[in-house]
Amino acid sequence: MTMPDDRDGVLLLNELRHRDLATAPPPCYDIGAAMRRGDTIVRRHRLLGALAAILTVAAATAVPIALTTKARTGVPAIGPATGAPCSVTTITPPIATYNYWVDLRIDPTGRYMVGSLTDGPTGVASTQDKLHGASLLYDNDTGAFTRIPGADTVAAAVNASGDVIGAGAQFGTHAWVYRNGRKTDLPLPSGMAGGRADPMAINSHGDIVGNVMVGESDPSVYAVRWPADRPGTVEVLGSDSSYAYTITDDGTVYGMEYGADGGQPYAWTAPHTGHVVAVPDPHRRNGSIYAVGGRYAIGRITGSFNGLDGGVNAMWNLSTGTLTAYPAGYYLVATTIDGVAVGNDDTTKTAFLVRDGVVRSLPRDAPLDFETAEGMTLDGRKIVGIGEGSNVGIVWRC
Amino acid sequence: MHAPTRDEYVEFVTTRLPALRRLAYGLCGDWHRADDLVQATLTKSYVKWTTVRASADIDSYVRAILVKSFLSERRTAWSRVHLFGAAPEAAAPEAGSVEDRTVLDTALDQLPRRQRAVVVLRYLCDMSVAEVAEALGCSSGTVKSQASDGLAALRRHLGTLAYPARGGSA
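Chains as they are written, first to last, in this note's numbering: chain X, 177 to 574; chain D, -5 to 164.
Don't read these hints as lab results, they were simulated from the structure.
Please read these numbers as outputs of a predicted model, since none were measured by experiment.
From the three backbone atoms N, C-alpha and C, an ideal C-beta is built for every residue, glycine too.
Possibly wrong hints are sitting among the right ones.
Claimed, not checked - If the Cβ cut is set under 8 Å, some of the chain X residues that face chain D in the computed set are:
id: 1; residue: ASP184
id: 2; residue: VAL186
id: 3; residue: LEU188
id: 4; residue: ARG195
id: 5; residue: ALA198
id: 6; residue: PRO203
id: 7; residue: VAL218
id: 8; residue: ARG219
id: 9; residue: ALA320
id: 10; residue: ILE324
id: 11; residue: ALA327
id: 12; residue: VAL353
id: 13; residue: ASP521
id: 14; residue: ASP522
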């Protein structure tokens, strides 16, 4: 988000922020009624819980299942502000009309980068809308930029073959893949015509995952996969409250699905086939997985049924259960197969690198007010991001 | 719930009600629907209060409950009611007047539901891009573009409705 946009947005909504509620009609909510209703719901939950416990004991007696969890949790050590031994360079968009980066992503090998552009930050007095936008693919081997056809595009990811996925800026009005120099729209599941797709990740084979929202007035969200070996098809992976965020090269899709126990990290291997990914924290069983590198998962874990307790951002080893929880405001973006992670501290507006459990800030390019890391190669040697409030892309080499 | 805990809940929500009502209004643009959202949020917060009070950021928790309630509002009767079928005629209101507020409300009404949620969460609630992305189940790039497009649309609608220029030249 741009600083001018932030300022503009705050100013535009300033009147609503400071609206005198005395001019509004008298409120008609009732705290007492909410408490009485809440007591009824709690009693009902307890009754259902007791019934479920009886059924669980009965089932366990019939089919004993050994469940063992050995969780080891820790917190990262926060290192010095300029601790990460990385160099930083900037990339200026080569198109005069679209000179402002919205996003910048990198493929796991570091050969390709893809970014989305607008026609520049807008100020308070701006009378023209931004132009959304061009998406550019950069090939590090040739040093060439390729503009992805079409306007109104936001690129989401690129794989090692240079396949790019993205969507229309109007909230995924048309999801697309750019492959071998050709841009193709990704289909919606049958019965969801008019829905909106938001592709999130693509693996080395070209399998794409994302989420489909049925409509503006329908809160249903479906995790979907567009398989590379069946172009023009799409598979619904989960329920009407499922989210796919990443896909590994073995085809496993990670994300979150709502079930009887609330939203939990989930792994799909096929449509409607998968399992809850256990969170190695006795106090937090809910959450999402956003990214996976080797055996390391990055996500947000929470301790409530609906995942609305704020929760913590964390990285954990899917094999050993070793979990590291991060302080509030720390958001992880990507991890390597060795557990080297990159993320952003939303409080200080700095990008950071985590190596050997120590968090170190990435060096800052002096003219920029703050920077955001958005992707990393699988070896952790190259990190990309954008300079917020400016028009430059950033590459850190570590 | 024990009496001290109930008292704690009442004390908390009482102090937060104006902010919650303001957020609910920003999301739905109607005071009666806003009060329905607040009422639902009060009930859900009460049911989950043990978890809410243990969370690091109680305000965020309760606010997120309200947003979720808004996004799932189609299950209520209100979602089938169109309260504003057409935009009011353009006027040249004075800043800060009642008419001025109506213009902003009308402009917000023109935004698609989720785009409006992005704009309100970003600029009324000061939520980060990552927090909004998580709340809405979309990518950070989508939040950024939606926020940008939402602002552009707001400027366009406000211009159409003769909204007074703000801030002068930056």
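Would you pick out the hints that fail for this structure and give their numbers low to high?
5, 8, 9, 10, 11, 12, 13
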